[in-house]
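K.L.:
Chains X and G, in that order, give the protein sequences.
Numbered by the working numbering, the letters in the first sequence go through residues 1 to 438 in order.
Numbered by the working numbering, the letters in the second sequence go through residues 439 to 897 in order.
Rather than coming from a laboratory, the hints here were simulated on the basis of the structure.
Be a bit skeptical, because a hint or two may be false.
Stated by the list, open to error - Covered stretches of chain G, going by a simulated chain X footprint (3 or more residues, C-beta under 8 Å):
{"hint": "1", "stretch": "663 to 670"}
{"hint": "2", "stretch": "702 to 710"}
{"hint": "3", "stretch": "849 to 855"}
Glycine included, every Cβ here is placed at the ideal spot set by N, Cα and C.
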Amino acid sequence: MSTATGSAAPAPQIVTLDTTVVTSWKAPIAFAVFTLVALALAVFAPRHGDTTYRLNASERDAIQVPDLVVPAMPALWTVVVLLALITAYSAWLVRAKKRVPLWLIVVFAVLFLFGFLTWAGAGATLPMIGLLFGSLSLAVPLIFGSLAGVIGERVGVINIAIEGQLLAGAFTSAVVASVVASSTGSIWVGLFSGLVGAMVAGLLVGMVLAAFSIKYFVDQVIVGVVLNVLVTGLTSFFFSQVLAPNAGVLNSPPRFPRLPIPLLSDIPIIGPVFFRQTLIVYIMYIAVAAVYVGLFHTRWGLRVRAVGEHPQAADTVGINVNRTRFWNVALAGAIAGFGGTFFTIGSGIAFNKEMTAGAGFIALAAVIFGQWDPIKATLAALLFGFASNLQNTLSVIGSPVPSEFMLMLPYVVTIIAVAGLVGKVRGPAAAGKPYIKA
Amino acid sequence: MSDPQNPNGSSGPVEPSEPATPVAAGTPDTAASAATPDAATSADDRPAVAAPEEVPPPSRWHTMWQQIVTGNALISVLSVVLALIVGAIMIAFTDENVQKASVYFFARPGDTIVAVWDSVSGAYVALFQGSVYNFRRDSFADGIKPLTETLTFATPLIAGGLGVGLAFRVGMFNIGGRGQMLIAASVAGWIAFGFDLPVGLHMFVALIGGLLGGALWGGIAGLLKARTGAHEVIVTIMLNYVAFYLVSWMLRTPGLLQAPGSSNPKTPPMKDTAIFFDLLGPRYNLHFGFVLAVAATILVWWILTRSSLGFRFRAVGENPNAARVAGINVPSMYVYAMLISGALLGLAGVSQVLGTVTTGFTAGIDAGVGFDAITVALLGRSTPWGIFLAGILFGAFKAGGYSMQAAEGVPIDIVLVVQSLIVLFIAAPPLVRTIFRLPDPSKGPKRPRPIVTKEVEAK
């Protein structure tokens with residue numbers, strides 16, 4: 001800001017530079033790659049028959065939506081033509097020195113996905129509600145984890161320990177919920193104490209991360225990586241040594257039942273996907289909204305972002321940088337710990353060694369993919385959830401592609417998207433740097 | 439673990455000392471170096487450098503002397519001791535005999551203490567006997583076998599740690615060790631079981647193929663970062679999964695990697711002409727890969743400290759903007775660094791298939807080394823010989839952990855806890871000093887703090 005006005009005054013011709021938009025050919029190239037993939041599917045692996053998209057959750061719903069039946073090959077060819085048009089349009093935009101708008105990318109992605117689904121599901125029925133419902137469920141820990149990552153990095157502390165926080169949450173919630181539920185006899189008391197226990201566990205991991213990186217100035221990446229190993233070791237050790245011999249008492253967690261929300265759950269398509277979930281998912285909606293509003297529309301968020309972008313400036317106006325960082329990293333840990341409950345009491349599965357299986361790292365990728373924005377990170381996490389569940393669904397209906405390639409797909413798409421569309425992202429300026437007060 | 443949880447509580451003796459020194463050295467420098475894992479090292483070096491108020495920097499010997507006096511070695515030893523104490527507490531608390539005896543602790547406390555001693559000493563003696571020397575064996579040749587096991591386990595850890603550490607020095611975080619190892623192992627394994635070549639040449643070709651495979655997989659991340667700015671953390675994580683599923687698919691597809699006539703996702707055994715020969719005869723598992731790991735350590739040391747490429751690597755790692763201004767092609771440094779890093783992790787993968795598991799491999803051939811390598815690199819502070827020693831230490835924990843699990847029933851996961859605590863403690867010397875009530879070397883009168891500098895820095 002200050003540099004712009006300062007330099008504009010003596011040299012007015014600099015203002016003309018503002019109209020120059022730096023464009024790159026990455027988006028058209030990425031579009032072209034995906035278009036060629038779709039074209040290759042249509043040419044080299046044609047599949048005939050109709051693809052049925054089932055849009056009903058069950059036969060008992062009040063409002064029935066008819067199935068959508070699409071002839072596979074004509075639909076795929078239409079999609080290929082449309083994709084080629086979009087690619088050409090984006091190339092024209094770049095040539096004309098204009099930006100490729102976000103909506104075009106979204107339209108392209110949806111079209112490509114539709115084309116692929118139609119091709120893969122030719123001659124079969126795709127249960128769309130189950131697909132989307134499962135995607136949302138699988139995305140739950142990723143979303144909580146990415147929220148934790150967003151808060152941590154916005155306040156200036158890189159949180160690589162998301163994996164550890166998820167795992168700590170999963171472990172603690174399983175143990176606490178099992179013990180409390182069996183001793184009080186009430187499932188709900190057990191479940192809620194499991195939630196609290198998971199948050200406390202995540203909070204503790206976050207506090208260790210905060211203490212080492214803020215008080216002892218240890219490199220944040222080191223602490224994060226090491227905490228992941230530490231939590232993995234601790235939970236695995238206690239699992240083998242304590243939980244496994246006493247599984248009946250310590251590791252048989254109750255499960256959160258699904259709670260359909262009365263009116264909303266009757267809405268066709270949206271209702272069964274979003275409003276017939278468990279309490280954890282409803283809390284997730286609130287958490288995403290709260291973090292978004294909090295970060296960008298409250299004093300708390302302004303302080304968090306100030307501390308993460310320019311700690312000296314924040315300090316100058318009287319914000320206690322290190323205290324802000326400490327408590328927000330701890331809060332982020334609690335959020336991630338909450339997300340860990342999905343693995344155990346959210347799904348009714350007993351704790352097992354390393355059961356988070358890299359979800360924390362995927363959440364980390366979602367944070368960067370989502371450009372440190374809670375909403376975008378949530379969408380990125382949803383994308384991962386969708387891709388994982390797509391594989392499950394397609395393997396049920398008999399996918400033409402080897403299942404490994406379907407499992408690989410979300411990761412390949414992410415690489416292409418990160419390289420082609422997101423490109424060089426800039427995180428909070430002070431993330432990863434300890435603030436050493438002069 | 440209860441100590442670090444109140445940093446805004448009684449932080450008296452530690453906090454003011456550490457921040458003071460970087461001020462004298464200049465804040466921008468601190469900010470630049472803090473992004474690299476060397477932050478802890480540089481924070482330690484600085485008191486030694488900044489202490490005497492002279493313009494020329496002190497000689498290397500002087501710095502080294504200062505480091506020994508201020509107790510870096512002592513801190514390392516105490517960190518290991520602390521981590522082992524925490525491990526001992528965990529072993530004792532979860533031991534069945536201790537739990538039984540502690541029920542009547544107040545009646546007969548001696549029983550509990552004996553049970554604690556039995557469980558802890560038993561576990562740690564087994565750890566030692568499994569990793570260094572087994573006194574229960576008659577001959578020296580049998581007794582020393584655990585040490586060779588340690589070196590065998592250390593081989594991939596050293597190679598992988600060097601790869602991760604080299605990337606760290608260039609300011610990149612290579613979490614993709616798993617993928618790079620898997621691809622390298624697949625290429626090397628495919629050459630090793632699928633071709634008939636003369637002895638020696640076969641091994642060499644398989645080794646080179648594996649290194650190229652690892653370099654290729656790492657190079658993708660470097661190239662994407664250089665050309666498009668894609669964050670290497672995302673790309674390497676994603677490439678891990680891609681490699682895993684790719685290798686899984688090849689392992690279950692006849693004609694690719696799957697053993698003929700088998701339905702298991704496993705390769706046929708490696709041909710004898712390709713496998714690494716035993717260094718100490720057939721009695722021990724130690725293989726030629728360890729020599730390669732030593733050679734890799736020397737090579738990385740040479741690259742980093744003696745070559746112009748290494749100078750550019752370190753310049754980019756310290757401050758990419760300054761490096762670019764100085765005329766260094768930063769993107770190409772990213773590519774070269776990831777190629778070398780991937781090749782080193784590839785060496786880890788090759789030593790797994792050609793040295794350790796020669797009877798055919800599955801998709802779990804990486805054995806978690808890709809992630810362990812990160813911890814090894816952190817413990818070694820990204821310096822080649824530090825990584826070498828850290829790799830041997832972690833190899834010892836791994837070798838000893840298995841024998842501890844077999845002999846005493848203590849889960850090997852305790853090793854993870856001890857390893858991570860060692861890294862944590864070594865990275866935070868003030869914490870260790872506080873616990874052991876050691877004097878802080880950077881405290882005291884040798885602290886010039888001109889008030890003018892402070893005012894200027896505040897802007």
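K.L.:
Given as covered by chain X, does the stretch 663 to 670 of chain G meet the bar of three residues or more with CB within less than 8 Å?
P.N.:
holds (count 5)
K.L.:
Examine the stretch 702 to 710 of chain G: at least three residues should have C-beta closer than 8 Å to a C-beta of chain X.
P.N.:
As far as the stretch 702 to 710 of chain G goes, the hint is violated, because 0 residues have Cβ atoms under 8 Å from chain X.
K.L.:
Closer than 8 Å, Cβ to Cβ, for at least three residues: run that test on the stretch 849 to 855 of chain G against chain X and report holds or violated.
P.N.:
It holds: at least three residues are needed, and the stretch 849 to 855 of chain G offers 6 whose Cβ sits within less than 8 Å of chain X.
In this structure, the one hint that does not hold is number 2.
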